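J.: Put chain A on the given structure of chain U with help from the hints.
2 protein chains.
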Amino acid sequence: MTKTDKIRKGDVRTATRLIRNIENNIPEARSTIRTLFPFTGKARVIGLTGPPGAGKSTLIDSLIALYRDRDKKVGALLVDPTSPFTGGAILGDRIRLQRHAEDPDVFVRSLATRGALGGLSKAAGDAVHVMDAMGKDVILVETVGTGQQEVEIMNHVHTVIVVIVPGMGDSIQAIKAGILEVADVFVINKAEREGADKLYQELMAMLNMVDSFPGGWRPPVIRVGNLFDKEIFEKNIAELSNSIDAHYRNLVENDLLGDRVRRKVTAELNEALQFSILAPILEKLIAEGEFDTLVDKLLKKETDPYTCAEEVAKKYLRKQPLKGVAG
Amino acid sequence: MTKTDKIRKGDVRTATRLIRNIENNIPEARSTIRTLFPFTGKARVIGLTGPPGAGKSTLIDSLIALYRDRDKKVGALLVDPTSPFTGGAILGDRIRLQRHAEDPDVFVRSLATRGALGGLSKAAGDAVHVMDAMGKDVILVETVGTGQQEVEIMNHVHTVIVVIVPGMGDSIQAIKAGILEVADVFVINKAEREGADKLYQELMAMLNMVDSFPGGWRPPVIRVGNLFDKEIFEKNIAELSNSIDAHYRNLVENDLLGDRVRRKVTAELNEALQFSILAPILEKLIAEGEFDTLVDKLLKKETDPYTCAEEVAKKYLRKQPLKGVAG
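Here the protein sequences come in this chain order: U and A. Residue numbers for the first sequence follow our numbering, beginning at 16 and rising by one. Residue numbers for the second sequence follow our numbering, beginning at 16 and rising by one.
No lab work stands behind these hints, which were simulated from the structure alone. Please note that the accuracy of each hint is not assured.
Remember, identical chains collapse to one label, so a pair may be satisfied in a single copy or spanning two.
For lysine to aspartate or glutamate, the following EDC-like pairs were computed, each having C-alpha atoms within a straight-line distance of at most 20 Å [claimed, not checked]:
(1) 21 <-> 298
(2) 87 <-> 26
(3) 57 <-> 311
(4) 316 <-> 305
(5) 329 <-> 298
(6) 87 <-> 217
(7) 338 <-> 307
(8) 330 <-> 307
(9) 312 <-> 274
(10) 57 <-> 26
Please read these numbers as outputs of a predicted model, since none were measured by experiment.
If we strip away everything but chain U, and leave its shape as in the complex, we get (with noise of 0.2 Å):
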């Protein structure tokens, strides 16, 4: 059996070695995603995007308990910057999920930033393309955080959560960055804390200034709140599940499922562009060690970074490209 099949049966195995090797950027694995490529597209893909420490890890574990109670496979991906010291974080994430360990149909992984240039979104937009092609029917994805590499995950789902929670300082700070413009749901997390009805105000204020939604989609702000209230909760995270439904179902029914499909693979070709066109000419010119050379003539002050960039440029460009569409 090839690994392509043993995947499309959902080995769980293969799997995680693919994505293993998709994180370290082994050449291998691309091969493997292309032959997957034609089996992807029939998951639906949630993203929960937040600031570190408001609850997404707890709210993924409600989730996926949601899905499998409606007997739907799920996958969950946790993607997060990776430091010398997270190794525990990265665990702890896996560790709140546990209680899904033993289920065949929940799989769950986590990917870490791998220095590479653009490679954490690449590498997440390809670790969903092997859940789907695992059979997935949902697949949650977590990224930690609300900068632009967040936004660029976010680009790989058709539905972005952004979670957010009162008394993390100023709130209007605490919400802002790009990430706001690609919400379609808002959690307001622990919302039983102080602040949390000011937090609510605030964002109902910012979304009355938009002054038309794509589709007519305002995006909804759920409160969840009452983590030891097991009733509250339950009814809050239905009241979530309901939204990204809905979201979905306007989608649809708008025509707009297109575009979001259009903005993921839009995503993935830019980040397949710069995986094979820059990556290998930043690999030749260290390893015939020019990129040390160029750096130590900027070093002198004897050029400067554009300059060097362009000489770069006519060295490996072609004068002219060649004619004719590419494919």
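T.: Frame of chain U; chain A shown alone:
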């Protein structure tokens, strides 16, 4: 007088316009940066990063005051992801720094994300060059967040200060991310808050796990508290500034300043390559409608992103790079 001359004389209007052009990716800005490049490399560049709401603007404000007391010319660059909602937040930062607005030797600018690939970090590096060429003795660079992009921006500084605060949810989560690896000085801000001691202990425990630090520099952890008790606050800020100076001396005494400058220059070269190689190819693909053609094929699953990217690479890259070391 040329633009270069004006900027070297510290002309605020010319510098402001150049930084705006850098931000908006105006090609003309590049040639001005080129002419400024030989006149850079004199300023001390200090970076502050940390999650939103950590009180970085207040620290920058205090550091500006401190360096002005020492008669240093100061530049401050506030780097911030943009959003339709956040004009106010950036404005807020500027307002907080307004007490220096009348001081001709303080130059404050904000930079926001402008879509382009790796654009924000490149823009930040260039803006630092502008302030450096203006003759600023100290340049403070603030980024909001703790993601990969902030790490990249911190490559442009000599000393990295990571600011954290107690009470932002799970404290280990709040301070994780690759940013820890680049920290030269930690600040626990709002140290009078509950949880500050625990955060301090945890951070110490993390640092104790590191076997050896480059140049023997173990990042000090400075507690800054009690904004309302002026005496304590100013004592803490003085301690912070002593640590910044001590870190710089350590770089110089251990011949590590060269490494740090090399990191800075390497980051600049990487970003310039991104800009000179990938960006023009993307522009051409988009202008000729080829990008859309590829996206359509991907949507129909007639091809996959890797195959597309390799075809584009074939079209634009020389089969054999020209001989000879670039430059």
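J.: Against each hint, give a clear statement of whether it holds in the structure.
T.: Comparing the hints with the structure gives:
1. 21 <-> 298: neither (33 Å within a copy, 40 Å between copies)
2. 87 <-> 26: Intra 17 Å, inter 63 Å, cutoff 20 Å: intra-copy only.
3. 57 <-> 311: between (51 Å within a copy, 18 Å between copies)
4. 316 <-> 305: For residue 316 and residue 305, the Cα distance is within 20 Å only inside one copy (16 Å; across copies 39 Å).
5. 329 <-> 298: both (17 Å within a copy, 17 Å between copies)
6. 87 <-> 217: neither (36 Å within a copy, 40 Å between copies)
7. 338 <-> 307: between (35 Å within a copy, 17 Å between copies)
8. 330 <-> 307: within (16 Å within a copy, 28 Å between copies)
9. 312 <-> 274: between (46 Å within a copy, 15 Å between copies)
10. 57 <-> 26: within (18 Å within a copy, 58 Å between copies)
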